[in-house]
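Place chain B on chain A using the hints.
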Amino acid sequence: QEQLVESGGGVVQPGTSLSLSCAASGFTFSSYAMHWVRQAPGKGLEWVALILAAGTHKYYADSLKGRFTVSRDNSRNTLYLELNTLRPEDTAVYYCARPLGVTHAFNVWGQGTMVTVSS
Amino acid sequence: DIQMTQSPSSLSASKGDRITITCLASQDVGTYVNWYQQKPGKAPKLLIYDASDLHTGVPSRFSGSGSGTHFTFTITNLQPEDIATYYCQQYDNIPPITFGQGTRLEIK
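Heads up: the protein sequence lines correspond to chains A and B, in order.
Counting from 190, one number per residue, gives the positions in the first sequence under the numbering used here.
Counting from 230, one number per residue, gives the positions in the second sequence under the numbering used here.
Bound conformation, chain A alone (with noise of 0.2 Å):
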């Protein structure tokens, strides 16, 4: 079945920079735009960064003024997120999500990945 499963999160220090990956399978992930929300521990959902199907196109939310790159493998069906400069307010759960169709509804997420910025 379709599936995304997220790894890489973890604690780290303010300054420091993490690498999350995103592994789909069951669906053509050559295909599909792929997008990164993640979302603060008690808060609401926050879409991070959109990258097109061939990967040539990336878009990103202003607050995170350049910190975070986006990236795709398709030969490896795999989705990137580097995060640099990590601040305590980018402690959230970071989740992959595959839309539907040519729409922006995300039907299928992954699992979510924990990233804690602290000192």
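Honestly, the hints are just simulated from the structure, not real lab data.
Please note that a few of the clues may not be correct.
As the list claims (entries may be wrong) - Here are the simulated DSS-like cross-link-like pairs (lysine-lysine), alpha carbons at most 30 Å apart as the crow flies: (1) A/Lys-232 x B/Lys-268; (2) B/Lys-271 x B/Lys-337; (3) B/Lys-274 x A/Lys-232; (4) A/Lys-247 x B/Lys-271; (5) B/Lys-271 x A/Lys-254; (6) A/Lys-232 x A/Lys-254; (7) B/Lys-274 x A/Lys-254; (8) B/Lys-268 x B/Lys-244; (9) A/Lys-247 x B/Lys-274; (10) B/Lys-244 x A/Lys-232; (11) A/Lys-232 x B/Lys-271; (12) B/Lys-337 x A/Lys-232.
What the hints assert, rightly or not - FRET-style restraints, in silico, Cβ to Cβ: (13) B/Pro-269 x A/Gln-190: 18 to 28 Å; (14) B/Gly-259 x A/Val-200: 39 to 49 Å; (15) B/Asp-279 x A/Phe-216: 12 to 22 Å; (16) A/Gly-204 x B/Asn-306: 43 to 53 Å; (17) A/Arg-256 x B/Ser-243: 38 to 48 Å; (18) A/Ala-243 x B/Asn-306: 36 to 46 Å.
Since the model is a prediction, treat every value here as computed from it, not as a measurement.
Virtual Cβ for every residue (Gly too), placed ideally from N, Cα, C.
Chain B only, in chain A's frame:
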């Protein structure tokens, strides 16, 4: 950026009740609004897409309506398993995609 103002932030209802959640968009988003259900510790689940289309496998007691700036999400015949937080989301003229603040639903 387009803001989605969701209300109420929480509500309590009884089994069998009908509940409605509203999302107001800060500008016209057509019908590019989706609705999600999220249970504690779980990823969100898509219920309604493009304002009123029921996602595959979602019970028909869930419905959505609206266009432009005013959107509603309704659950009829509320069931105990509907306890969750519900979010609206818009995707017109992205980026960015934006979510409402969420509505926490409790069963009396």
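Quick rundown of the hints versus the structure:
no. : hint                              : in the structure
1   : A/Lys-232 x B/Lys-268             : holds (13 Å)
2   : B/Lys-271 x B/Lys-337             : holds (22 Å)
3   : B/Lys-274 x A/Lys-232             : holds (17 Å)
4   : A/Lys-247 x B/Lys-271             : holds (27 Å)
5   : B/Lys-271 x A/Lys-254             : holds (28 Å)
6   : A/Lys-232 x A/Lys-254             : holds (21 Å)
7   : B/Lys-274 x A/Lys-254             : holds (29 Å)
8   : B/Lys-268 x B/Lys-244             : holds (18 Å)
9   : A/Lys-247 x B/Lys-274             : holds (24 Å)
10  : B/Lys-244 x A/Lys-232             : holds (26 Å)
11  : A/Lys-232 x B/Lys-271             : holds (14 Å)
12  : B/Lys-337 x A/Lys-232             : holds (23 Å)
13  : B/Pro-269 x A/Gln-190: 18 to 28 Å : holds (23 Å)
14  : B/Gly-259 x A/Val-200: 39 to 49 Å : holds (42 Å)
15  : B/Asp-279 x A/Phe-216: 12 to 22 Å : holds (21 Å)
16  : A/Gly-204 x B/Asn-306: 43 to 53 Å : holds (52 Å)
17  : A/Arg-256 x B/Ser-243: 38 to 48 Å : holds (46 Å)
18  : A/Ala-243 x B/Asn-306: 36 to 46 Å : holds (45 Å)
Violated hints for the displayed structure: none, as all numbered hints are satisfied.
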